[in-house]
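Asks: Take the given structure of chain E and dock chain Y to it, following the hints.
Sequences listed follow chains E and Y, in order. Position 138 of the first sequence, counting from 1, maps to 142 under my numbering, and the rest follow consecutively. Position 31 of the second sequence, counting from 1, maps to 48 under my numbering, and the rest follow consecutively.
Careful: at least some of the hints might be erroneous.
Derived DEER-like restraints, expressed as beta-carbon distance ranges [unchecked claim]:
| hint | chain 1 | residue 1 | chain 2 | residue 2 | range |
| --- | --- | --- | --- | --- | --- |
| 1 | E | Gly-75 | Y | Asn-73 | 22 to 32 angstroms |
| 2 | Y | Glu-386 | E | Thr-251 | 50 to 60 angstroms |
| 3 | E | Asp-25 | Y | Asp-360 | 46 to 56 angstroms |
| 4 | Y | Gly-319 | E | Val-136 | 48 to 58 angstroms |
| 5 | E | Asp-425 | Y | Gly-387 | 14 to 24 angstroms |
| 6 | E | Thr-74 | Y | Glu-386 | 26 to 36 angstroms |
| 7 | Y | Gly-309 | E | His-32 | 48 to 58 angstroms |
| 8 | Y | Asp-360 | E | Asp-425 | 48 to 58 angstroms |
These aren't lab readings, by the way, just hints derived from the structure by calculation. Ideal placement from N, C-alpha and C gives every residue a C-beta, glycine not left out.
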Amino acid sequence: MTPSPRTDGIAAGRLDEAHLDRNFSDLHPPYEPHEAHVAADRCYFCHDAPCMEACPTSIDIPLFIRQIATGTPEAAAKTIFEQNILGGMCARVCPTETLCEEVCVREVAEGKPVEIGRLQRYATDRMMARDVHPFTRAAPTGKRVAIVGAGPAGLACAHRLAMKGHDVVIHDAREKPGGLNEYGIASYKSTGGFAQAEVDWLLEIGGITIQTGSVLGRDVTLEGLKADHDAVFLGMGLAGVNALGLTGDDMAGSLDAVSFIADLRQADDLATLPVGRDVVVIGGGMTAVDAAVQSKLLGAQTVTIAYRRGQDRMAASVFEQELATAKGVHILTNVQPVALHGNGKLEAVEFEYTEDRDGRLAGTGETVRIPADQCFRAIGQTLEGAPEALEIAGGKIAVTGAGRTSVAGVWAGGDCALGGDDLTVTAVAEGRDAAEDIHAALMA
Amino acid sequence: MADLTTDFLGIKSPNPFWLASAPPTDKEYNVRRAFDAGWGGVVWKTLGAEGPPVVNVNGPRYGAIWGADRRLLGLNNIELITDRPLEVNLEEMTRVKKDYPDRALIASIMVPCDEASWKAILPRVAETGCDGIELNFGCPHGMSERGMGAAVGQVPEYIQMVTEWCKMYYDRPVIVKLTPNITDIRKPAEAARAGGADAVSLINTINSITHVDLDLMAPEPTIDGKGSHGGYCGPAVKPIALSMVSEIARNPATHGLPISGIGGITTWRDAAEFMVMGCGNVQVCTAAMTYGFKVVQEMISGLSQWMDEKGYTSTDQFIGKAVPNVTDWQYLNLNYVTKAKIDQDACISCGRCYAACEDTSHQAIAMKEGRVFEVIDEECVACNLCVNVCPVEDCITMVEMDKGAVDPRTGVEVGDYANWTQHPNNPMAVKAAE
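If we strip away everything but chain E, and leave its shape as in the complex, we get:
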C-alpha cells in the first residue's frame, strides 16, 4: 500500500511528488519588478536608520532600497555585498522579524514593516542572475591565510581577504562548502541549489582554494596551518549536538534534528526520506522549528514541538512559531522530557510539566506521554575538536576584538567563537571583521 500520513511508524513517500514540491517551494517567493518597486516605495529613507543599526553587518538599507526604487537593483546589490558578501543567503534566512524589520519605523507605526529581506533578495538575485561579481582583487600581497570552515564566517573572511590581495585556503570537513547554508537551513528557505551557486559566485573574486573533506585534527592541525600560513581563521561552527541524557536516547527513532535537516537538504528525492507518523521535536529554537515544520511538510500526521519553558522564552522568533503552527505543528510548552518509551523502537516520549519558580525551572511531578515514532533533539550544539592551545570560554573559543583568539596569529568567528547570536548574518559580520583585522596585522 502506498504510504500516507496515516501510515504507522517511520515511512518514506507519505506525500506524492506534486505535494512535496508545493510544500518545499520558496517560503517567500521572489518579487516581480513591479512588486519590488511598490515595496521599495514604502521605505521612508529614515535618518540614521534603525534597520541599519539592527543589521549585524550594517548594510545601508535605506540606500539599497532607494536604489531599487530608482530602477538600479544592481547598484542596490553592490551596496549590500559591500557589507555582506552572503547578502543573498541572508536575504533568505535572516530572522528579519527580530532584526531590521523589527525596528523598521513602519513596523513600529503600522505593524507592517518594509519587507527588507525580500527587497534584499530582489537586488542580490538580480546581480547574481547576471553572473556579475562586483568586486576585483587588489594586487597580490604574497600573504597566505588558512581558514577552517567554509561556512558563512569562513567564506566571508575568505572573500574579504582575497579582495585585499591575500591567498586563501579553506579547509572544510564536509563534502561540500557552505557550512550551515548548505546543511543547516530549512529547504524552503534556500531552494534551487542556491547555497552552492552562492559559493561559486563568491569564489569568482579569485585567490581562494577550498579543500573539502579536510578535517581539523585529522588531516590538518592548527600548528601545521600556522607554520605554513601567515594567519589562521577558525570558523568551523559547532559540530557537536547535545544529548537528552535519558535512557533510550539511542533507541531507533531518536535522532538529532541537525542531522535530519542536513539529510533533508542533501536528499535528491524527498519522497525517499523517511519520517514518522507521530513526530516530537524537543527544543525551542530555530532548529526545532525547522525540523518540526519539515517533518510536517514531508507528511507526518502529527508533529509536536515540546519546549521546557513558556512560549515567550522560545528562541525561535514569533514569526517562526507562527509558521510552525500555520503548517500544523503543535507547540507544547512547559514540558521537559523524562523518558523515552518503546521496545527497541520509539513509541512515546514522556514529559514532566514544568513551572517557573523565581526564574528557576522546576518539575511539577505531573507527566504526560506523547506518542512518537520519531523524536528529534534540538537542544543545542556544542563546540567539537577545538585545538587544545586555544582558550575556551562558555563552551566557545574565547576571542577579543575582531575575533583574536588567545593564540597569536589565530582568529576565530561564527558560531564557534564567543559572542554574538548564532546567526548566518552574525557569522558573516565576524568573518568580515576578522579579515579586516588580519589584513591590518599582515600589512603592518
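Replies: Okay, now just chain Y, sitting in the frame of chain E:
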C-alpha cells in the same frame, strides 16, 4: 443630499462636473457613456474647419509620470483636435443633445484665425442645439504651429478679436479656454472679457516633455526616434491651475468673470477647491482617462457630503468664497508667529524632519537619545518643511503663538497685524502719520 445643480452662464447641469474637451469626448459613443455615468456636462472634443480633417500621429500620443504603484500623476499628450469630419461630429452632437436635454453640451472650436473661418462654422454649430461654445486657444502642440490654439492664446489682441467675431456670429454663451503657457494669465483673461466673452476656462495643458529615452536619446513619447513637446495635465498640474484661476478671480479687471476650472481635478475635493477659488464649475479629463467615467460618482457623493457637513444647500453658496483670502505676499501678517510641534505619541521616529531641518533648513529639530525628535523653538522659523516631509499626517503641526507671547527665536513679542508695507526694513514702507 445637497443640490449639486449648477447654473453656469444660464446653462444648467445636474452637477458641476463636466468633461473637458479632449479624447474622452471625441464621439457620440463616449459622450453617451459619460452622460449615462452621471457627468453633468461635456465639452465636445475640438472641432476644426470643414474639409479634410487633421491627422494624428500613428505612434504613441501620450507620455506619463507615475508615483508609487504606478499611480498616474501627470499625463502628456500630442494628440490634435478631432480627426473626424466636421459633419459627423455635428450630427452626433445634435443627436446627443436631443437625448440628454438636461445635460450641458458645449462645442469646442478651433479654426484658422480669420473672420471668414469663424463666420462659416458658428451657424453650423448653433444648429446642433448645443448650449454654448468654447474657443480652444490653448492646445500647445501641433495646431499652435499652424497659428491656432496656444498661438492665439498667447496674443491677447487675437483673443479679443476672435472672441468679438464669435459674439457677433453666435448668440449663445462663449467660453474662452486659456493657455497656461504665458507669463501673466491675467492678460489673456482681460482680452477675453474685452472681446465680450461670457466666461473663461483654464487651464489648457502645459508644454512638457515627460521623459527622455536614455537609449534613443529622444523625448517620450517617441515617434520614430523623435519627440515633440506635448501638453501636460493630470494631478501634477493642479497647483499651477489653481494659482492661475485665483489670479483671474481676484484681478479687478476680470473679477466676477465666470470661470470654468480645469487642471488636474481628480477628486471631489479638488473640484471644491477650484469652486471656492471662483470657478462656477469644473472640467475633468485625466481622472476620467485614468479611471473611466465612473469616477464622477465619487465626485458627486463627495461634494454632496461635504456640502451637507458644511450646511451648504447649493453650489453658489461657496463658489468664490476663498477668493478674498488670496492676497499679495506684501499683505501677509508678519506678526503671525507659529512654531512646529511634534506629537511624540504619533511620531514614528523616522527622522525625516530632522534630516530635512538639519541639512537643508534651520537646525531647529534636535535628535535626542532614543530617536526622540524635538523642535527647538529658539531656531524654528515655522517654515513647515518638517510638516511636509513627515510621513505621518498631523504628527507635526504649526501652533500659533498667542499675542503678547515672546518669540524665543527673535525675542520679540507677538504683536498686532503688520505687513511688509509697514515694516521698518522696507525702504518703501508706508510711514504712519506722525
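Asks: Hints first: check each against the structure and report whether it holds.
Replies: Hints and how they fare:
Separation of Gly-75/E from Asn-73/Y is about 31 angstroms and conforms to the stated range, judged on CB atoms against 22 to 32 angstroms. The hinted range of 50 to 60 angstroms is satisfied by Glu-386/Y and Thr-251/E, whose Cβ atoms lie roughly 55 angstroms apart. For Asp-25/E and Asp-360/Y, the hinted distance range of 46 to 56 angstroms is satisfied, since their beta carbons lie about 51 angstroms from each other. Distance hint check for Gly-319/Y and Val-136/E: the Cβ-Cβ separation is about 51 angstroms, which falls inside the suggested range of 48 to 58 angstroms.
As the Cβ distance of Asp-425/E to Gly-387/Y is approximately 23 angstroms, the hint placing it in 14 to 24 angstroms holds. At about 33 angstroms, the CB distance of Thr-74/E to Glu-386/Y agrees with the hint of 26 to 36 angstroms. Between Gly-309/Y and His-32/E, the C-beta spacing of about 35 angstroms breaks the proposed range 48 to 58 angstroms. One distance hint, 48 to 58 angstroms for the beta-carbon pair Asp-360/Y and Asp-425/E, is violated here, with the actual separation near 35 angstroms.
Hints 7, 8 from the earlier list are contradicted by this structure; the remaining hints agree with it.
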